[in-house]
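**Q** Note that the protein sequences, when read in sequence, are chains A and B. Residue numbers for the first sequence follow this note's numbering, beginning at 1 and rising by one. Residue numbers for the second sequence follow this note's numbering, beginning at 1 and rising by one.
In short, the hints are calculated from the structure, not lab data. Just so you know, not all the hints are guaranteed correct.
Claimed, not checked - Each computed SDA-like pair below joins lysine to any residue, with the alpha-carbon atoms no more than 25 Å apart:
#1 Lys159(B) x His175(A)
#2 Lys159(B) x Asn177(A)
#3 Lys166(B) x Ala145(B)
#4 Lys159(B) x Glu151(A)
#5 Lys159(A) x Glu151(B)
#6 Lys159(B) x Asp42(A)
#7 Lys166(A) x Val75(B)
#8 Lys159(A) x Lys159(B)
Unchecked claim - With beta-carbon atoms standing in for the labels, derived distance ranges:
#9 Glu59(B) x Arg222(A): 27 to 35 Å
#10 His175(A) x His175(B): 37 to 45 Å
#11 Asp202(B) x His175(A): 54 to 62 Å
#12 Arg48(B) x Glu59(A): 52 to 60 Å
#13 Arg48(B) x Asp42(A): 15 to 23 Å
#14 Ala179(A) x Gly205(B): 53 to 61 Å
Just so you know, even glycine gets a beta-carbon here, dropped at the ideal spot from N, CA and C.
2 protein chains.
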Amino acid sequence: MIATMAAEVQKAVLLLSGGLDSATAGAIARAAGYALHALSFDYGQRHRHELDAAARVAEALGVVEHRRVSFDLRVFGGSALTDEIEVPKHAASTVEDDIPVTYVPARNTIFLSFALGFAEVIDAGAIVIGVNALDYSGYPDCRPAFIEAFERLARLATKAGVEGRKIVVHAPLLHLNKAEIIRRGVKLGVDYGLTHSCYDPDGDGTPCGACDSCTLRAAGFREAGVEDPALR
Amino acid sequence: MIATMAAEVQKAVLLLSGGLDSATAGAIARAAGYALHALSFDYGQRHRHELDAAARVAEALGVVEHRRVSFDLRVFGGSALTDEIEVPKHAASTVEDDIPVTYVPARNTIFLSFALGFAEVIDAGAIVIGVNALDYSGYPDCRPAFIEAFERLARLATKAGVEGRKIVVHAPLLHLNKAEIIRRGVKLGVDYGLTHSCYDPDGDGTPCGACDSCTLRAAGFREAGVEDPALR
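The task is simple: from the sequences and hints, build the whole structure.
**A** Now the structure itself:
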C-alpha cells in the first residue's frame with residue numbers, strides 16, 4: 001500500500017497504540033519516507049500500559065512529535081476494554097460477524113477522526129493506521145470497506161480535501177496475518193520488546209498470556225519463528 | 001428529512017451544542033417521535049457558555065439523558081474557536097470554498113464519531129445533527145455530501161450496521177436558512193432564550209453581537225420577523 005518512496009518528505013499522522021501492529025505500521029511508513037507525527041489516545045482503556053509502550057515506540061521510531069488526546073469512552077460503556085465486563089480468556093474470536101466483547105463501539109472511527117483533524121492542522125498528506133482485517137475480522141472497523149469509506153469521508157470533511165489536497169489513509173497491515181506482520185517488522189528493525197499487547201495485564205504491566213490479544217501475539221511469534229522479546 | 005412519525009418510539013442521539021440550530025433539530029426530532037439522548041462536548045472551545053445552554057435546552061426538550069464528553073482540541077490548535085487566533089468580527093463568510101478561521105478541523109467528523117459510538121451502545125437508530133449548508137457553506141463538514149459519506153461510514157463501522165440495523169443521520173436543517181430554522185422552531189415551541197450562539201461572549205455570557213454567529217443569528221431573527229428572546 002505504501003509502495004514508493006515519497007518524492008519529498010511528506011508528513012503522516014501515525015495512530016500509535018503501543019501495540020505490535022501500530023509499531024509495525026509506523027516502521028513501514030517511516031521506511032516509505034514519511035515524517036511521522038504520532039497520535040495516541042487515553043480513552044479510559046483497561047490496558048493503560050499501552051500508553052507507556054506508545055511513548056517508547058514513538059521514540060524508537062524517531063517521530064517528529066507525539067501528541068496524546070484524552071477522553072473517556074467509559075461515558076458510554078459497552079466494551080470489555082473500557083467497562084466492567086470481564087475480558088474473555090482462551091477464546092480468540094476470528095469468525096466474521098462474531099463480534100467480540102472487547103470491541104469498543106466506533107473506536108477506530110473516533111481515532112481516525114482525531115487523526116484527520118491533526119492531519120489537517122499540520123498539513124499532513126496521510127494517516128497511518130495499523131488495522132488488520134485477518135486477525136480482527138470480528139471488528140467491523142478493521143475491514144477494508146471501512147477504511148475506504150473513511151478515506152472518502154476525509155476528502156469531503158476537510159478544508160484540505162475541499163482545496164484538492166487529498167489525505168490518504170494507509171493501512172499497510174490490512175491483509176497481513178500476525179506472523180507476516182512480525183516478519184515485516186523484524187526486517188525493518190522494530191523492537192517488539194517495547195510493545196504491549198495484553199488487554200488485561202497485571203498492575204506492573206505483565207501480560208496475562210490468555211486474552212485474545214496475548215493469544216494472537218503468541219501464535220504470531222510462533223508462526224513467524226521468532227522469539228517474542230517482550231517475554232524474555 | 002424526518003417526515004413520518006416513528007411507528008414505535010425509537011432512540012436518537014442528538015448532538016446538542018446549546019446553539020439555535022441544535023435546539024431546533026432536537027425539537028424537530030422530538031416532534032417526529034424520537035426519544036432523545038443528548039450528547040454535548042467540552043472540547044476547549046472559547047464559547048463554553050454553550051455548555052450551560054446545552055443543559056438548559058436538553059431539559060426543555062425533555063431528553064431521556066444528556067451525556068457530555070470532554071477532550072481538548074487545543075492539542076492540535078488550528079481554529080479561532082479553540083486557539084489564540086482572534087475571532088473575526090463583522091465579516092460573516094458565506095462564500096463556497098472560503099473557509100472561515102472559526103472552522104475547527106474535523107470537528108463534525110469527531111462529534112459524529114462519538115455520536116455513533118453512543119448510538120451503538122444504546123441501540124439508537126438515528127443520529128440528529130443541526131448542521132446547515134446554507135449559512136455555513138464555508139465549513140466542509142456542514143455539506144450534504146459530508147453527511148451522506150458519514151452515514152455510509154456508519155453502516156460499515158458498527159456492529160449494528162454489520163448486523164443489518166441501520167443508523168441514519170438526520171440533518172433536518174441542512175437546506176434551511178436561519179430565518180426558516182427560527183420559524184420552524186417557533187412553531188415547535190423552542191425557547192430561543194435558552195440558546196447561546198456567540199463565538200466570543202463576555203465573561204458572563206453576553207453575546208458580542210459582532211462575530212459571524214451573532215451576525216447570522218440577528219439576521220435570521222430579523223428576516224423571520226421574530227424578536228430574539230436571548231436579547232430581551
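**Q** Run every hint past the structure and note whether it holds.
**A** Going down the list of hints, with the structure as the test:
Restraint check for Lys159(B) and His175(A): the C-alpha separation of about 21 Å stays at or below 25 Å, so the hint holds. Of the supplied pair hints, the one linking Lys159(B) and Asn177(A) holds, its CA atoms being roughly 22 Å apart against a limit of 25 Å. Simply put, Lys166(B) and Ala145(B) have alpha-carbon atoms about 18 Å apart, close enough for the 25 Å limit, and the pair holds. This hinted pair checks out: Lys159(B) and Glu151(A) have alpha carbons roughly 20 Å apart, not beyond 25 Å.
At most 25 Å may separate the alpha-carbon atoms for a hinted pair to count; Lys159(A) and Glu151(B) meet this at roughly 20 Å. In summary, the hint linking Lys159(B) to Asp42(A) is supported, as the alpha carbons are separated by about 23 Å, within the 25 Å threshold. A threshold of 25 Å between alpha carbons decides the hint, and for Lys166(A) with Val75(B) the separation of about 23 Å falls inside it, so the pair holds. Among the hinted pairs, Lys159(A) with Lys159(B) is inconsistent with the structure: their alpha-carbon atoms are about 30 Å apart, more than 25 Å.
One distance hint, 27 to 35 Å for the beta-carbon pair Glu59(B) and Arg222(A), is violated here, with the actual separation near 57 Å. In this structure, His175(A) and His175(B) meet the distance hint of 37 to 45 Å, their C-beta atoms being roughly 41 Å apart. The hint said 54 to 62 Å for the Cβ distance between Asp202(B) and His175(A), and at roughly 56 Å that hint holds. Checked against the hint of 52 to 60 Å, the C-beta distance between Arg48(B) and Glu59(A) comes to roughly 35 Å, which is inconsistent with it.
In this structure the supplied range 15 to 23 Å holds for Arg48(B) paired with Asp42(A), their Cβ-Cβ distance being about 22 Å. For Ala179(A) and Gly205(B), the Cβ-Cβ distance of about 59 Å falls inside the hinted range of 53 to 61 Å, so the restraint holds.
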